[in-house]
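2 protein chains.
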Amino acid sequence: MKRIGIVDMGSGTARLVVYDFVAGQWFKLTDEIRESVRLGEGFAATGKLSDAAAARALDAIKLYSDYAKATKLGKLTVIATSAVREAANSKDFLRKLGGFDLEFQVLSGEDEARYGVLAVANSFQVSSAWVMDLGGGSAQISRLENRLFMGGQAFPLGYVRLTEQFLEGQKTSDAEVRRLEKFVQGQLERTITSMRRDTAPLIAMGGTIRNLARAVQKLENYPLDVLHGFELKQQQLEDLTERLLALPVSERGSIAGLHPDRADAILAGALVYRTVLRETATKSLLISGQGVREGAFYKEFLPRVPHLLPEVRIFSVQNLFNHYAQEAKHTAHVRKLSKQLFMALEPIHGYGAVDALLLDAAAYLHDIGMAVSYHDHHKHGAYLVLNTQMPGLSHREQILLALLVQYHRKGEPKLGAYKRILESDDETRLLRLAACLRLAEFLERSRSGRVENLEIKISKDTVTVQLLASETPRVELWEAAKQSDLFRKAFGRTLMLESHELQRGGTQEKRRTNAGGKTKRKKH
Amino acid sequence: MKRIGIVDMGSGTARLVVYDFVAGQWFKLTDEIRESVRLGEGFAATGKLSDAAAARALDAIKLYSDYAKATKLGKLTVIATSAVREAANSKDFLRKLGGFDLEFQVLSGEDEARYGVLAVANSFQVSSAWVMDLGGGSAQISRLENRLFMGGQAFPLGYVRLTEQFLEGQKTSDAEVRRLEKFVQGQLERTITSMRRDTAPLIAMGGTIRNLARAVQKLENYPLDVLHGFELKQQQLEDLTERLLALPVSERGSIAGLHPDRADAILAGALVYRTVLRETATKSLLISGQGVREGAFYKEFLPRVPHLLPEVRIFSVQNLFNHYAQEAKHTAHVRKLSKQLFMALEPIHGYGAVDALLLDAAAYLHDIGMAVSYHDHHKHGAYLVLNTQMPGLSHREQILLALLVQYHRKGEPKLGAYKRILESDDETRLLRLAACLRLAEFLERSRSGRVENLEIKISKDTVTVQLLASETPRVELWEAAKQSDLFRKAFGRTLMLESHELQRGGTQEKRRTNAGGKTKRKKH
Numbered sequence: 001m002k003r004i005g006i007v008d009m010g011s012g013t014a015r016l017v018v019y020d021f022v023a024g025q026w027f028k029l030t031d032e033i034r035e036s037v038r039l040g041e042g043f044a045a046t047g048k049l050s051d052a053a054a055a056r057a058l059d060a061i062k063l064y065s066d067y068a069k070a071t072k073l074g075k076l077t078v079i080a081t082s083a084v085r086e087a088a089n090s091k092d093f094l095r096k097l098g099g100f101d102l103e104f105q106v107l108s109g110e111d112e113a114r115y116g117v118l119a120v121a122n123s124f125q126v127s128s129a130w131v132m133d134l135g136g137g138s139a140q141i142s143r144l145e146n147r148l149f150m151g152g153q154a155f156p157l158g159y160v161r162l163t164e165q166f167l168e169g170q171k172t173s174d175a176e177v178r179r180l181e182k183f184v185q186g187q188l189e190r191t192i193t194s195m196r197r198d199t200a201p202l203i204a205m206g207g208t209i210r211n212l213a214r215a216v217q218k219l220e221n222y223p224l225d226v227l228h229g230f231e232l233k234q235q236q237l238e239d240l241t242e243r244l245l246a247l248p249v250s251e252r253g254s255i256a257g258l259h260p261d262r263a264d265a266i267l268a269g270a271l272v273y274r275t276v277l278r279e280t281a282t283k284s285l286l287i288s289g290q291g292v293r294e295g296a297f298y299k300e301f302l303p304r305v306p307h308l309l310p311e312v313r314i315f316s317v318q319n320l321f322n323h324y325a326q327e328a329k330h331t332a333h334v335r336k337l338s339k340q341l342f343m344a345l346e347p348i349h350g351y352g353a354v355d356a357l358l359l360d361a362a363a364y365l366h367d368i369g370m371a372v373s374y375h376d377h378h379k380h381g382a383y384l385v386l387n388t389q390m391p392g393l394s395h396r397e398q399i400l401l402a403l404l405v406q407y408h409r410k411g412e413p414k415l416g417a418y419k420r421i422l423e424s425d426d427e428t429r430l431l432r433l434a435a436c437l438r439l440a441e442f443l444e445r446s447r448s449g450r451v452e453n454l455e456i457k458i459s460k461d462t463v464t465v466q467l468l469a470s471e472t473p474r475v476e477l478w479e480a481a482k483q484s485d486l487f488r489k490a491f492g493r494t495l496m497l498e499s500h501e502l503q504r505g506g507t508q509e510k511r512r513t514n515a516g517g518k519t520k521r522k523k524h
Numbered sequence: 001m002k003r004i005g006i007v008d009m010g011s012g013t014a015r016l017v018v019y020d021f022v023a024g025q026w027f028k029l030t031d032e033i034r035e036s037v038r039l040g041e042g043f044a045a046t047g048k049l050s051d052a053a054a055a056r057a058l059d060a061i062k063l064y065s066d067y068a069k070a071t072k073l074g075k076l077t078v079i080a081t082s083a084v085r086e087a088a089n090s091k092d093f094l095r096k097l098g099g100f101d102l103e104f105q106v107l108s109g110e111d112e113a114r115y116g117v118l119a120v121a122n123s124f125q126v127s128s129a130w131v132m133d134l135g136g137g138s139a140q141i142s143r144l145e146n147r148l149f150m151g152g153q154a155f156p157l158g159y160v161r162l163t164e165q166f167l168e169g170q171k172t173s174d175a176e177v178r179r180l181e182k183f184v185q186g187q188l189e190r191t192i193t194s195m196r197r198d199t200a201p202l203i204a205m206g207g208t209i210r211n212l213a214r215a216v217q218k219l220e221n222y223p224l225d226v227l228h229g230f231e232l233k234q235q236q237l238e239d240l241t242e243r244l245l246a247l248p249v250s251e252r253g254s255i256a257g258l259h260p261d262r263a264d265a266i267l268a269g270a271l272v273y274r275t276v277l278r279e280t281a282t283k284s285l286l287i288s289g290q291g292v293r294e295g296a297f298y299k300e301f302l303p304r305v306p307h308l309l310p311e312v313r314i315f316s317v318q319n320l321f322n323h324y325a326q327e328a329k330h331t332a333h334v335r336k337l338s339k340q341l342f343m344a345l346e347p348i349h350g351y352g353a354v355d356a357l358l359l360d361a362a363a364y365l366h367d368i369g370m371a372v373s374y375h376d377h378h379k380h381g382a383y384l385v386l387n388t389q390m391p392g393l394s395h396r397e398q399i400l401l402a403l404l405v406q407y408h409r410k411g412e413p414k415l416g417a418y419k420r421i422l423e424s425d426d427e428t429r430l431l432r433l434a435a436c437l438r439l440a441e442f443l444e445r446s447r448s449g450r451v452e453n454l455e456i457k458i459s460k461d462t463v464t465v466q467l468l469a470s471e472t473p474r475v476e477l478w479e480a481a482k483q484s485d486l487f488r489k490a491f492g493r494t495l496m497l498e499s500h501e502l503q504r505g506g507t508q509e510k511r512r513t514n515a516g517g518k519t520k521r522k523k524h
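Order-wise, the sequence lines are chains A and B.
Letter 80 of the first sequence, counting from 1, is numbered 80 in the numbering used here, and no numbers are missing.
Letter 24 of the second sequence, counting from 1, is numbered 24 in the numbering used here, and no numbers are missing.
Check the hints yourself; a few may be wrong.
[Unchecked claim] Computed footprint of chain A on chain B, listed as stretches where at least three residues anywhere in the stretch have a Cβ under 8 Å from a Cβ of chain A:
1) 52-66
2) 383-394
[To be verified] Just a sample of chain A residues kept apart from chain B, beta carbon distances all over 12 Å, derived:
3) N89
4) L97
5) T199
6) R243
[Unchecked claim] Cut-off 25 Å, straight-line C-alpha distance, at most; resulting in silico cross-link-like pairs (SDA-like, lysine to any residue):
7) K489/A - H259/B
8) K379/A - T388/B
9) K62/B - D239/A
10) K171/A - D239/A
11) K482/B - D261/A
Calculated directly from the structure, the hints in this document are not laboratory data.
All values derive from a computational prediction rather than experimental measurement.
Note that beta-carbon positions come from the ideal geometry of N, C-alpha and C, so glycine has one too.
Modelling step: build the complete structure from the supplied sequences, incorporating the hints.
Shown next as structure tokens:
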């Protein structure tokens with residue numbers, strides 16, 4: 001296992017992140033120190049780092065170095081972006097860093113864009129996208145194609161810079177807004193033309209858009225407390241921008257969800273995004289919770305060019321599983337049995353590859369809640385899935401996955417508060433996938449893998465599941481039979497369970513579950 | 001590490017519980033299989049186990065044995081109570097168990113009472129209590145004194161038995177209720193006299209009272225989803241009993257929180273408890289989530305007579321900590337520093353031993369949420385504390401503990417939805433204890449233990465905390481200084497932080513935090 005510390009020295013905030021990881025296998029964020037440094041403050045007027053800003057940045061660097069030393073973290077990688085890149089006096093600043101054990105990288109605008117794109121390519125299940133990153137000093141817009149960076153550029157449109165340039169007063173006038181918008185339009189003219197011509201989902205990163213999205217989530221009482229993958233609609237951004245414009249700067253922080261030390265400069269960022277969405281006629285954008293520092297991390301985590309995870313969604317599920325050590329054999333067996341059920345029942349449900357993947361992910365993660373406690377581990381598991389980024393999954397998929405985990409052993413599968421962000425047939429989908437998962441779980445009730453395989457036959461009124469095992473799996477027959485009501489509700493057929501003893505051959509115990517959930521047994 | 005399987009073969013339900021444990025150190029429930037066996041069904045009329053009931057019990061035993069074999073659990077301990085103890089034909093039943101690898105114990109009424117009392121003595125911070133356990137066949141009432149069993153007795157007042165004896169119809173008449181109550185009064189006459197004379201808290205266990213309490217929690221939207229330690233008030237039980245009486249049996253299951261397979265026999269139990277509370281003029285009882293099977297478990301877990309944990313509350317915190325492996329050194333250091341702060345600030349806050357213990361528990365558990373994820377680990381930690389039994393803690397203490405964990409690093413400490421079950425000065429208590437904990441956490445920000453000790457001086461307007469360390473603890477000074485606003489709010493004084501270098505001696509860095517939270521530094 002390795003540990004790495006990366007400092008993202010932005011023009012607005014500085015942040016140290018610490019990861020534990022095994023290259024290519026798994027990673028976990030283990031610490032984070034954020035400082036509101038505003039390195040870009042005053043830059044718009046002078047083109048220089050101000051003495052005060054440089055001193056604050058130096059303080060933060062001292063702090064991070066001290067932390068790294070005390071925690072034996074080794075050499076820190078520090079990534080500096082727009083402010084340091086562009087300041088006329090950045091050499092003076094860099095000289096002061098000589099005494100620290102740092103790898104200090106001043107990223108070019110294109111490299112900054114590349115790092116952002118790398119984060120998107122490793123945290124979204126997309127092959128093409130427009131990627132936009134708006135920080136304190138600059139905004140990058142890039143094109144992702146076949147999961148690769150196909151070009152991108154930094155523009156002088158950071159929120160600190162634009163605020164100083166256009167929005168200095170307590171109240172913002174229409175004239176100020178128009179001037180700012182005109183400047184943005186001028187800067188982005190060619191890029192907007194490309195975006196209109198060559199459409200693809202827009203994925204946005206950086207503290208500004210995350211914070212705007214958080215405010216929208218709060219306002220609408222959004223049922224999932226995760227930003228990564230959130231779809232922010234144009235209308236929502238328009239409305240929030242209007243609210244910001246109506247308030248004096250000092251009161252903008254009162255909007256629920258806005259970070260106090262961002263509130264006074266967030267309007268500039270909102271106006272840039274509003275302009276981009278309006279000009280490109282884009283109806284929504286997706287929030288990325290990962291950005292430049294995650295891009296830098298992926299270069300370490302996946303050392304081989306082009307630094308890409310083979311499959312984002314699958315890695316995401318595996319990575320979460322690896323955070324909570326569970327019984328690997330039982331998990332693998334439930335995956336196997338649920339897959340057999342899903343495939344055999346395909347003529348009834350008609351679901352495809354994405355649903356299969358969802359069920360498999362749920363089988364993979366169904367027991368992670370045991371890391372909390374046995375009691376209610378189905379609920380704890382859902383909590384764990386709902387309270388983390390699940391890169392590669394849409395919010396709808398993340399919620400369905402959580403609900404499958406929640407209903408893997410008891411309860412009547414329901415969408416509940418999540419219904420409003422799911423699709424109309426997801427109630428049925430949840431029911432059917434949960435029925436497969438739960439049957440698989442109880443066919444492996446003794447966690448011993450003794451039901452080696454299933455043979456499944458479908459008729460008009462019944463589904464017969466034959467359990468192939470080397471001894472009569474009594475617990476499994478008994479417990480699985482209790483799921484007959486759920487099974488009937490999901491598939492409209494009576495579940496019949498039979499056990500077939502392998503090797504000794506011939507000895508069979510059949511258990512028929514009828515509509516009332518009672519059981520009959522026959523011995524042969 | 002050992003594993004043990006215990007089967008509680010009650011007259012109503014049978015349940016297998018599986019524990020992982022290291023004797024005397026820690027334990028964890030890892031599996032549970034519950035079956036609604038109703039072994040006592042028909043007993044009231046015939047004094048015998050019916051063939052159907054015996055067959056169901058035998059099925060459950062086969063099932064558990066099969067599970068034990070498949071999971072290599074070894075010999076199961078089966079505890080049988082009232083039905084098997086009293087049935088005229090129990091020898092026939094026991095003979096059928098000959099082929100299984102079981103340790104089958106038929107408990108006497110007194111032993112059953114003893115096991116229940118042992119569970120209470122190891123899961124409540126009490127030295128004296130009345131303990132009541134109501135199952136399907138019998139009810140036990142016992143006396144706990146100096147944490148020891150001082151006598152107890154089983155009465156033929158189980159819910160299955162009383163239902164068959166008194167409440168057979170769909171609707172329950174006043175006359176039926178009166179007859180049942182008269183029978184209960186007759187049976188308990190001497191016990192009730194003792195309970196009136198020799199008062200002590202009443203602690204109740206068993207599925208019936210747990211389920212009644214769950215229904216009350218649902219009805220009142222109780223903010224904590226834990227039964228152990230819940231205080232059920234007489235009036236709440238009276239109201240719920242009236243609701244049950246007003247409904248036909250078939251509709252009682254519609255009351256939110258009642259378990260469907262208990263709903264038809266729960267009234268009898270409710271009437272027994274109602275009678276006891278009325279007759280003894282007891283205003284409330286405490287729910288125990290632990291009972292006979294936990295009593296049996298404690299005999300294995302604490303092999304030395306009298307099978308008692310040295311200190312319930314402390315064990316409870318340690319046991320939870322042990323479920324989530326965290327950095328032991330950092331935890332120990334935060335405990336040490338928070339204790340120093342608490343003790344030094346005693347002249348201001350005036351809190352005593354119980355509050356000290358609460359703060360220490362919070363320091364112990366503050367990072368357990370890291371087992372979920374680094375992001376929001378303060379919230380996850382609170383979730384973990386709120387979603388488990390915390391034996392020895394009242395619900396108020398459990399909630400304060402969770403809130404301290406939640407606010408150990410950020411946010412403004414608030415009681416929120418829990419206010420209604422806390423005390424009027426708990427808002428201030430939370431603020432002050434959270435201020436101590438958070439300061440300790442940030443004085444150990446680098447998790448390296450380098451701030452070895454604190455020297456704390458209180459004056460009229462300031463509290464000066466001197467950090468004794470072998471090198472200037474820059475991160476700690478910086479991060480702790482950010483807590484000055486919280487500190488002022490909690491203690492009405494300005495926090496001043498100074499570092500004093502040990503060994504090299506003399507070199508000092510002082511950081512004064514003033515009201516605005518800005519910092520000044522002096523170098524000497």
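Against chain B, does R243/A hold up as non-interface, every C-beta pair farther apart than 12 Å? holds, 23 Å
Check, residue by residue, whether the stretch 383-394 of chain B contains three or more positions whose beta-carbon lies closer than 8 Å to a beta-carbon of chain A, and give the verdict. holds (count 4)
Next pair to validate is K171/A with D239/A; report whether the Cα-Cα distance is within 25 Å. holds, 18 Å
Non-interface claim for T199/A: all C-beta distances to chain B beyond 12 Å? holds, 33 Å
Quickly compare the C-alpha distance for K482/B and D261/A to 25 Å and report which way the hint goes. holds, 14 Å
Non-interface label on N89/A, tested against every C-beta of chain B at 12 Å: holds, 25 Å
Once the closest CB in chain B is found, is it more than 12 Å from L97/A? holds, 16 Å
Checking C-beta pairs, does the stretch 52-66 of chain B have three or more residues closer than 8 Å to chain A? Three-residue rule met by the stretch 52-66 of chain B, so holds; n is 4.
25 Å Cα cutoff - pair K62/B, D239/A: violated, 64 Å
Holds or violated: K489/A to H259/B, with C-alpha atoms at most 25 Å apart: The hint holds at about 21 Å.
Between K379/A and T388/B, does the CA-CA distance stay at or below 25 Å? Roughly 12 Å separates the two Cα atoms, so the pair holds.
The structure does not agree with numbered hint 9 stated previously, though it agrees with all others.
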